[in-house]
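Enquirer: Residues per chain are reported as follows:
Number of protein chains: 2
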Amino acid sequence: MSVENAMLRLKKIFGERFSTNKSILEVHGSDESYFPCTPPDGVVFPISKEEIVQIISICSEENCPVIPWGVGTSLEGHSLAFKGGITIDFINMKKILEVNEEDLNVVIQPGITREELNQELRTTGLFFPIDPGANATLGGMAATRASGTTAVRYGTMKENVLSLEVVLADGKIIRTGTRAKKDSSGYDLTSLFIGSEGTLGIITEITLKLQGQPEAVSAAVCAFEDIESAVNSVILITQMGIPIARIELVDSAMIRGLNLWDKDFELPETSHLFLEFHGSNNGVKEQAETVGEIISEYGGSDYKWATKTEERNQLWRARHNAYYAAKALRPGCMVLTTDSCVPISKLSEAILETIEDIKNSPLEGPIVGHVGDGNFHTALLLDPNEPKELEIAKEISAKLNARSLALGGTVTGEHGIGKGKMQYMHKQHGEAWQIMGGIKRTLDPKNILNPGKVVSLN
Amino acid sequence: MSVENAMLRLKKIFGERFSTNKSILEVHGSDESYFPCTPPDGVVFPISKEEIVQIISICSEENCPVIPWGVGTSLEGHSLAFKGGITIDFINMKKILEVNEEDLNVVIQPGITREELNQELRTTGLFFPIDPGANATLGGMAATRASGTTAVRYGTMKENVLSLEVVLADGKIIRTGTRAKKDSSGYDLTSLFIGSEGTLGIITEITLKLQGQPEAVSAAVCAFEDIESAVNSVILITQMGIPIARIELVDSAMIRGLNLWDKDFELPETSHLFLEFHGSNNGVKEQAETVGEIISEYGGSDYKWATKTEERNQLWRARHNAYYAAKALRPGCMVLTTDSCVPISKLSEAILETIEDIKNSPLEGPIVGHVGDGNFHTALLLDPNEPKELEIAKEISAKLNARSLALGGTVTGEHGIGKGKMQYMHKQHGEAWQIMGGIKRTLDPKNILNPGKVVSLN
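Going line by line, the protein sequences match chains A and B.
Those letters in the first sequence? Residues 2 to 459, by my numbering.
Those letters in the second sequence? Residues 2 to 459, by my numbering.
Treat the hints with care, as some may be off.
Unchecked claim - Pair by pair, the computed Cβ-Cβ distance ranges are: (1) 214(A) with 294(B): 15 to 21 Å; (2) 294(B) with 304(A): 58 to 64 Å; (3) 294(B) with 160(A): 36 to 42 Å; (4) 62(B) with 172(A): 38 to 44 Å; (5) 442(B) with 263(A): 38 to 44 Å; (6) 431(B) with 392(A): 58 to 64 Å; (7) 97(B) with 266(A): 32 to 38 Å; (8) 458(A) with 294(B): 30 to 36 Å; (9) 97(B) with 37(A): 46 to 52 Å; (10) 446(B) with 459(A): 54 to 60 Å; (11) 300(B) with 263(A): 41 to 47 Å; (12) 126(A) with 290(B): 42 to 48 Å; (13) 458(A) with 116(B): 55 to 61 Å.
To be verified - Counterexamples of contact, computed for chain A against chain B with all Cβ distances above 10 Å: (14) 25; (15) 295; (16) 306; (17) 343; (18) 404; (19) 425; (20) 442.
Worth flagging that the hints you see were computed from the coordinates, not collected in a lab.
Beta carbons: idealized from backbone N, C-alpha and C, even for Gly.
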């Protein structure tokens, strides 16, 4: 029983689709987190759930860690092989298995990315709304309970996955949920696997809810004198129940990064909201008018419309590349991204105190936020050759996370735990973290599924 | 270690708030299901979570079953004491602990009913939208993952509970989730407890999401020549993404029942849709116009408006009392209610074949449905003194449930498993049911929490 045995057996079955090539291992040892490269012992590229059953069965017999891999956009080291083992790369499992247009759902393999999916759906008049920015795989998004810019209107992966097919640690396949919109039959296993980060089972099929493409879409940008006014208008917009599709805070530092990153971008260096409205022609008009009134009440100016698809795409491309725009502020830097989410009434307080902490440090930390959900990110920019900077960033992050918890929020609104947030799990969940550990032990008694993440078994 | 010991110890602590009075036991032995009265050994009336910790600790030490009780509106025997033991009645735990208006949420004790809650919230401009018809407690609604007429717009309890406080089988208190709108920190325990029917822990506090009261509300009734046309218009309305707040099918037999039950009700005895729109003044007008067009395309007539609050209330009071209206068709009868939920593309097929089955039986079975979700109920009317009728009803129900599963749906869209649907759990979930059993064993190793429900430990 060993990782070596597992590798020999996998090589025999998968041939060239099992690799121990150094550069392939290294690709699977680096994500978008601040962790150093941590490669697995081998990478396997299955094409079917049957093959995944084979892999898991072998790894179970050989007590070998198994780590699922989408496209490596994780920010907390979810898919890094801290305990060695075999990485399962889903790149050959991108099939759309069924589009059920009448039922507004689609059945997919987990390796397809959200942009690939929406490209394929384009002719149906339907789309999958969740948009974390990164062109992540749907499997990865389900496993981390991802969300992003549109969650304020459409919810997170939790609200948008109808059912899953999962290979368990013993190689059995189960199906959670049904194709019906609602289900009250027993424990909600679908929700249990969403956000379990590959530690309870390997997702092999996902049924996603789809939305009709809205009749009208319009986007706008608005500048504010200070962050507080921007956040306060968001609070009022949310409270009034306006079904806004996106409402993103971009602080002055991040605007500077965007201006640097995209030469066509020339916004004044102050806090902005980026907004998008979905609905009928009249509905969008009405939403935009009401929002406009609220914004001007809080001193917002330059309520500029991006009416053409091209302008709108430029806007969201910019927002979605905030990670790279932030990097443009300090070329060659590494980024530690925070992910606080608090009750919206506490959002101003959380952001302003964080800005104060950053000001009092030697680091830069531009801020963006899915503020309609109370969620914001600080991109702390670090010199990779200065370990002290990583320490300072971790201190700022620790203060921020303590603040989130004190304000009734969470240390991660959408990025997940991986290894990066493990230290906060007991603080956030108390005894409930033990319950998570108990569930892990029940579903994965040998601790082979992405070990060392989410739960502690000590 | 015995139920008797537990009772002695509880009596000592709770005095008059612990009862073995026969009539009190009988009240807690009957819900709205077809099961005969199955009383517990004792009923305790705690006033705080600390007292619930005491109760659970004693029952754990004494290996005594514990069954939570709201107001007894369950349709599947969820809270009946099939294995004896102690029922915890939440009638003295109705407090609203916090209303967080800015964050659109409320913290409550589980014994408050949804009508009581909305009564208290009236002055805030906020409301809790989930409406299962019965004036159930929020604790019961969370425990059964309830939904009802408004789920088509606002979702089910799964989407509307932000966090829970739960007393576990060993008397420990945990808190699941946070006050933030999103959370990616580990396994989704909130969703695990919602729908667990008291088998994994006792809910002692619930944080619910609230909605702003819509600017405009309007309701309408529309008659159709046949059920198929009504269902087809619902399918199109759903597919067009119209954010309708309620869309209910009421078949001709149920209309007859309503006309009998409420003398002010005089609708033609044919299939109807009852509709409600929420939104801005313009938004509601626009929705109603689009829906009107679709309905007339499918031959719907008599698109009558209930514009006044009083008319609207009459309409929904009638719909919500369908259970009693159905009973009016056969005075003194008992009701077996089915709860099929299928993908909406299969809804016509599911309903029409069920009607055929009922026609071929000696029973009457009026139908209502939350058709926007693919969910419908047949109220099979039985003579309580004719055991053969119950057998026939169970046969019709079994055929219906097999059909739901074959069509990719569930045997219960919103009523839950209790004891009534246990026989379908393996059929619906296969191996996944074993996983539920494993989770139960982990959280409740002595099987004291509502034993015999949801999972099988054999």
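Enquirer: Hint by hint, note whether the structure agrees.
Expert: Outcome of the hint check:
no.	hint	verdict
1	214(A) with 294(B): 15 to 21 Å	holds, 20 Å
2	294(B) with 304(A): 58 to 64 Å	violated, 34 Å
3	294(B) with 160(A): 36 to 42 Å	violated, 30 Å
4	62(B) with 172(A): 38 to 44 Å	holds, 39 Å
5	442(B) with 263(A): 38 to 44 Å	violated, 55 Å
6	431(B) with 392(A): 58 to 64 Å	violated, 50 Å
7	97(B) with 266(A): 32 to 38 Å	violated, 48 Å
8	458(A) with 294(B): 30 to 36 Å	violated, 59 Å
9	97(B) with 37(A): 46 to 52 Å	holds, 51 Å
10	446(B) with 459(A): 54 to 60 Å	violated, 20 Å
11	300(B) with 263(A): 41 to 47 Å	violated, 55 Å
12	126(A) with 290(B): 42 to 48 Å	violated, 21 Å
13	458(A) with 116(B): 55 to 61 Å	violated, 46 Å
14	25	holds, 29 Å
15	295	holds, 14 Å
16	306	holds, 20 Å
17	343	violated, 5 Å
18	404	holds, 12 Å
19	425	violated, 8 Å
20	442	violated, 7 Å
Hint compliance for this structure: hints 2, 3, 5, 6, 7, 8, 10, 11, 12, 13, 17, 19 and 20 are broken, all remaining hints hold.
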